[in-house]
Amino acid sequence: MSSSEADLDRVVPAEWSVTDDDEALAALVNLVVVLADNKFFLGRRFSEWLSGGPSLESAVALAAIAQEELGHARALYPLLEEMPLVDTPGPLQRGAERERKYCLSCLGAPWEWWADVVAALILVDPALTILFRALEDSRYDDLRQRAARVPSEEVFHRKYAEGRLRDLARTEQGRETLQRRIDWMLPEVLMWFGPSEEPGVAALKSEGLIKLDNDEMREAFQEDVFSILEENGLSVEVGELPWKRWNSLQRRVE
Amino acid sequence: MNATIEDLEAVLRGVQDPEYPVSVLDMGLIRGLAVEGHTARVRLTYTSMGCPCKEMIADDVRDALLGVAGIERVEVEEVFEPWTHGNLTRRARRTLAELGVT
Chain V
146 MSSSEADLDR VVPAEWSVTD DDEALAALVN LVVVLADNKF FLGRRFSEWL
196 SGGPSLESAV ALAAIAQEEL GHARALYPLL EEMPLVDTPG PLQRGAERER
246 KYCLSCLGAP WEWWADVVAA LILVDPALTI LFRALEDSRY DDLRQRAARV
296 PSEEVFHRKY AEGRLRDLAR TEQGRETLQR RIDWMLPEVL MWFGPSEEPG
346 VAALKSEGLI KLDNDEMREA FQEDVFSILE ENGLSVEVGE LPWKRWNSLQ
396 RRVE
Chain G
336 MNATIEDLEA VLRGVQDPEY PVSVLDMGLI RGLAVEGHTA RVRLTYTSMG
386 CPCKEMIADD VRDALLGVAG IERVEVEEVF EPWTHGNLTR RARRTLAELG
436 VT
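Chains V and G, in that order, are what the protein sequence lines are. Throughout the first sequence, residue numbering follows this note's numbering, covering 146 to 399 in sequence. Throughout the second sequence, residue numbering follows this note's numbering, covering 336 to 437 in sequence.
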């Protein structure tokens, strides 16, 4: 073997071989950017409230939560660079910008009220955790490693969320304010898991990349958060979901 | 002569966590060490995925290992393994307790 061949052997990276299914690959890229962008904007929205919470303690705890949300996004973005799909979206970190954002519309602009923070803590963050849990046995090792760690950190977010929820729902005025924010966010969060029998998710499931389909994740989310909301006098009635306004690529309601 | 795992551990005992006077070994951040020829491989986790000191810790580990005789290259891999207080050594717990961190 010539020296140039030896050099070639050393520098050519191993082929990315998680799946040969084009539909599954496209869905996987979308799944990663959607998770990362939602974590990124959740962290950003929380960080905007570090000086606006009802107490110093709530602000300090929210700072830690915001930092972890941004950390989760930061751990996911490098995966986009290793997946062999042309024009994968770039990472939103270190000041980078991207025109198309893959986050929920309710995370797309700064929030006006503390109740928005509480609603996102008890709705958006747990929804994302349901999806991470569905990836804990994924055949895609790099994603599985990250997904397996996130829920252990989210345990503390959830304790904080439930405490802030109870604080706010204790008074009639607080409960009414929170109900309005839940009425705004909950339909989009329920839709975020996607429509029934979505082809890309079916491909991911058949390839062993995710273990739950959209309906199973949505049901797991409802089981996870509806009881705590109802225990605190909050309604989870949403009526008919506005699927005509659903953007399946960016996974958001327009 | 090639470096040994013990050589790597010896220098990592001198690499402190940026927040506490506890080594990265005693913090339980080092999840694996290997020597292959002149290359040292490190499997590293962090106390939180949002740790703002990730690069600093990885750089400190890399710099320390490059100071070991026989090591010319260091590969640091972040492994995302969960970290809990149970990963602290007794020495680390004693130091943290003295600082009022429990």
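Take the hints with a grain of salt, since some may be wrong.
[Claimed, not checked] Sample of chain G residues with no beta-carbon within 10 Å of chain V, all distances over it, derived:
1) Thr339
2) Asp352
3) Glu416
4) Thr424
[As the list claims (entries may be wrong)] Here are the simulated distance ranges between beta carbons:
5) V/Val381 <-> G/Glu410: 45 to 53 Å
6) V/Ser372 <-> G/Gly349: 45 to 53 Å
7) G/His420 <-> V/Asp282: 24 to 32 Å
Source of the hints: derived by calculation from the structure; they are not laboratory data. Every residue, glycine too, gets a C-beta built ideally from N, C-alpha and C.
Checked hints:
1. Thr339: Non-interface label on threonine 339 of chain G holds, nearest chain V Cβ at 25 Å vs cutoff 10 Å.
2. Asp352: holds (17 Å)
3. Glu416: violated (7 Å)
4. Thr424: About 21 Å separates threonine 424 of chain G from the closest Cβ of chain V, which puts it past 10 Å; holds.
5. V/Val381 <-> G/Glu410: 45 to 53 Å: holds (49 Å)
6. V/Ser372 <-> G/Gly349: 45 to 53 Å: holds (51 Å)
7. G/His420 <-> V/Asp282: 24 to 32 Å: holds (27 Å)
Of the numbered hints stated above, the single one contradicted by the structure is hint 3.
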